[in-house]
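Chemist: Residue numbers (this note's numbering), protein chains in the order written: chain L, 1 to 710; chain D, 1 to 109.
To be clear, the hints were calculated from the coordinates, so they are not data collected in a lab. A few of these clues could be false.
[What the hints assert, rightly or not] If you want a taste of the chain L side facing chain D, the calculated C-beta under 10 Å gives, among others:
id : residue
1  : Arg60
2  : Leu78
3  : Arg79
4  : Leu82
5  : Glu156
[As the list claims (entries may be wrong)] Across the chosen pairs, the derived CB separations fall in these ranges:
id : chain 1 : residue 1 : chain 2 : residue 2 : range
6  : D       : Glu8      : L       : Ala359    : 32 to 38 Å
7  : D       : Leu106    : L       : Val61     : 50 to 56 Å
8  : D       : Arg39     : L       : Pro340    : 32 to 38 Å
9  : L       : Ala513    : D       : Thr67     : 56 to 62 Å
10 : L       : Val473    : D       : Glu8      : 21 to 27 Å
11 : L       : Ser257    : D       : Arg89     : 54 to 60 Å
12 : D       : Thr67     : L       : Leu47     : 21 to 27 Å
13 : L       : Leu87     : D       : Arg39     : 27 to 33 Å
14 : L       : Pro340    : D       : Arg52     : 36 to 42 Å
15 : D       : Thr67     : L       : Pro122    : 25 to 31 Å
16 : L       : Arg76     : D       : Thr67     : 25 to 31 Å
C-beta atoms are modelled at their ideal positions from N, C-alpha and C, and glycine is treated no differently.
Chain residues, written in single-letter form:
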Amino acid sequence: MRGAWERLLLWMARMALPRGEREWMAGDLEEEYAQLRATRGVRAATLWLAGETQRNIVERVSTLARQRKMTHMLGRDLRYALRLMRLSPGFTITIVLTLALGIGANTAIFSVVDALLFKPLPYPGAERLYSVVLASNKPEGMAAWPYPKYAAFAREQQEFDLTAAYSNSRVTIDTGGQPARVEAEVVTTSYFPLFGANAALGRVFTDEEERVPARDAVVVISDALWRSTFGADANVIGRALTIKDRSYAIVGVMPPSFRGQSGIVQMWLPVMMADHFYFKGAASGGAAWWMRPVGRLKAELTAQTAAARMPALSNRVGLIDSSRMKDAMRDGRELFQLRPFRDTKIDPAVSRSFVVLLAAVGLVLIIACANTANLLLGRAIRRQAEFAVRLALGASRHDITRQVLVESLVLAAVAGVTALVVARWTLAWLVTAKPMNVTGFWSQYARTFDFFDVGLDARVAAFNVAVALGVGVVFGLLPARHAARMDLNDALKQRTGSSRFGARAALVLAEIAFSVVLLASAGLMVRSFANATNAHLGFEPDHLVSMLARIEQRKPAAFYREWLDRLRALPGVESAALATMAPLGGSSYRGPVEVEGRPKKEFSVVAAVNVVTPGFFSTMGIKTLAGRSFSDDDRETSPRVAVVSLAFARSAWPGQDAVGKRFRHDYRVAFGDAKDWTTVVGIVDDVVYGALEDPNTPMFTCPSHSRWER
Amino acid sequence: MTSAPLGEFEQIVLMAVVRLDNEAYGATIRREIEARTGRRLSISGVYTTLERLEEKGHLRSWIGEPTAERGGRRRKHFALLPPGKRALRSAYTAYTEMAAGLERRLKAL
């Protein structure tokens, strides 16, 4: 398997070969490279290839020049340029590094922008893939549906060649050793053919496995999981892993290139099994809104025609659909809408910031060019006597221009190659710098980067070469013009004219102007960052440590209690608490809440819920604004109580004291089907649970017994 | 047909073609010369000389079948033509005649 770096080198070596003879010469190159690689290793082969590329370029340039009877002059210019570079290493290194940073940053950011904006998705008919969402009060619509609704849609539709649905889930698997939490994708059988993926070993799911809930316990695993957990066992098909006490047979292993829609999927589960590993009815009922439908539009349909047919299709599906819509989704808004699938992969915020970044590094490159041009101009002025002698000895002004241009191009070429190294480091940093457990921009960034293989490839290399050549011409032109237009008489008499300073002054001015723009933008960015770090979080992040644990036990309460006791006993731990949701940790359950004394239809608050142990608020430093927080007296047998956030209190009981008021909620996973009223015992400050830029969501918090002590 | 005498590198290339017989194409010719003379050659450098020899009528070439080891690319094979054979023989004769009896002294140089 050859890496991107090797392929890039091979491509560059091929491009250095003359066009007419390229096929057999490239064949020779390939053959020799493969042989060297097999006998003497990748390193030796790569070194040979690099040398070969250089020799081929020299050969090709001299052949081209010979054909135009310029070999003598160009060769001399080239030699002269190289000698000049060697003679003033400090000067050369300064210029090469300045340009390499500029070009390298541009190459790196371009490769990201290229992947995000221009490259097609790696699927068959990628441009005809559409997500189907339900129109809702959110502009982006509801992308996730209950499975029965999707199934009805898939049966009724005639607009797509193929449709599939998928969802993300984290599942604990046991393979006999340590239980492990893995990224899973829950999919319909059509998912694999839709994305053109087939198993490298074994098979993908069959139609039969999408018929009966919780019957066919099978999984397909990723190449990564196959290697890490099963030691790349060739006989892994038929082995089993355990999920929630049930044995799942491994039926397939995907190739390394296929990593699901999040880019980090380790395992695929058939949707029907959700009734087992998620909860009963997850697949067969209408409660779980989690499957994301995608379809490949028929070739003969345009997006507009298909979109025009969606209302009729929505009605047909609505009539036969067995899943019930939630309150927020009623009022005839259950309408299918098409969204290009590509748009769901690329967060506009992420691609926008990289376009901004590309502009910024473009500016840096311009500054680097201006700087370099200035240095070269300075040198050209010092070399006036030399040019004058050349002119006097019969060189044409054209010769001098060419020579100076060749010098700058050679510098740019060396910088361009160095820039590839810079770009590679920058990219490695961009790809790995994915802070975990951060919401908002960074989580979208991580998602986007996981999915796209951002790296140096032929397109990026072409960009790099184009930029380097462009830069060479740009910063070489001014000194070249200067050298060619000087007054021979003055120069020979070592007289300095005043005109040349005009150009240098203009360059310096341009540099300063661009630097000011860049500095101002950077300053603004730093200020937004400072604002973000000073934002009102609602809790005290100092000395706060959070960790995530998922324990799959029948009666986890004893475990949690002991865990908490031991944590509190640790030296250096002041206090500790458990919660289902940590601030800045991202999404959670959100649902409508019914406020006592108000008609359900007319008024409801959509609120998030957290479940915590006593001591949570003091541990987090969340201020109690009114009433009390929880104590050990809030038991399962005592009346249901909750602490609500300021935003909750304000939207449910505007202008009134919320303490003592009652509401009812639908958080079934934790509370069974009980529909008792919950009494507000306290009000706390709003806490940022999602992204920083999100407005504070109304929130209520319940004591933990209901969840963990059942 | 009389033509200019062969250059030193041209002789080496022609001898490699003779030596390789049916297996003479860019990669093998380059490897043969590199292995025997220790000279570092570029692929395009070898082709430049091969094409010049072809233009002079010393060599002929034909395109072979694509193979998988070459990434599906075809080979360009080379073989000597009568003028090439004559030129190589005369170069060889001139060389051996001039070197006759000097072997020991040449090696001692």
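Chemist: Hint by hint, note whether the structure agrees.
Modeler: Cross-check of the supplied hints:
Restraint check, Arg60(L) versus chain D: the minimum CB separation of about 6 Å is within 10 Å; hint holds. Nearest Cβ of chain D to the Cβ of Leu78(L): about 16 Å, over the 10 Å cut. The hint is violated. With 10 Å as the threshold, the beta carbon of Arg79(L) stays out of range of chain D, its nearest partner Cβ sitting at about 18 Å, so the hint is violated. The criterion of a C-beta within 10 Å of any C-beta in chain D is not met by Leu82(L), whose closest approach is roughly 18 Å, and the hint is violated.
The restraint placing Glu156(L) at the interface with chain D is violated, with a minimum CB-CB distance near 46 Å, outside the 10 Å limit. Distance hint check for Glu8(D) and Ala359(L): the Cβ-Cβ separation is about 57 Å, which falls outside the suggested range of 32 to 38 Å. For the pair Leu106(D) and Val61(L), the beta carbons lie near 37 Å from each other, so the given range of 50 to 56 Å is not met. For the hinted restraint 32 to 38 Å between Arg39(D) and Pro340(L), the CB-CB distance of approximately 57 Å leaves it violated.
Our hint of 56 to 62 Å for Ala513(L) and Thr67(D) holds, since their Cβ atoms are close to 58 Å apart. Judged by the Cβ atoms, the range 21 to 27 Å given for Val473(L) and Glu8(D) is violated: they are separated by roughly 40 Å. For the pair Ser257(L) and Arg89(D), the beta carbons lie near 58 Å from each other, so the given range of 54 to 60 Å is met. Distance hint for Thr67(D) and Leu47(L): a CB-CB separation of about 25 Å, consistent with the stated range 21 to 27 Å.
Our hint of 27 to 33 Å for Leu87(L) and Arg39(D) holds, since their Cβ atoms are close to 30 Å apart. With their beta carbons about 56 Å apart, Pro340(L) and Arg52(D) fall outside the hinted range of 36 to 42 Å. Look at Thr67(D) against Pro122(L): about 29 Å separates their beta carbons, and that is inside 25 to 31 Å. Between Arg76(L) and Thr67(D) the beta carbon distance is about 42 Å. The supplied range of 25 to 31 Å is therefore violated.
Of the numbered hints given earlier, the model fails hints 2, 3, 4, 5, 6, 7, 8, 10, 14, 16; all others are met.
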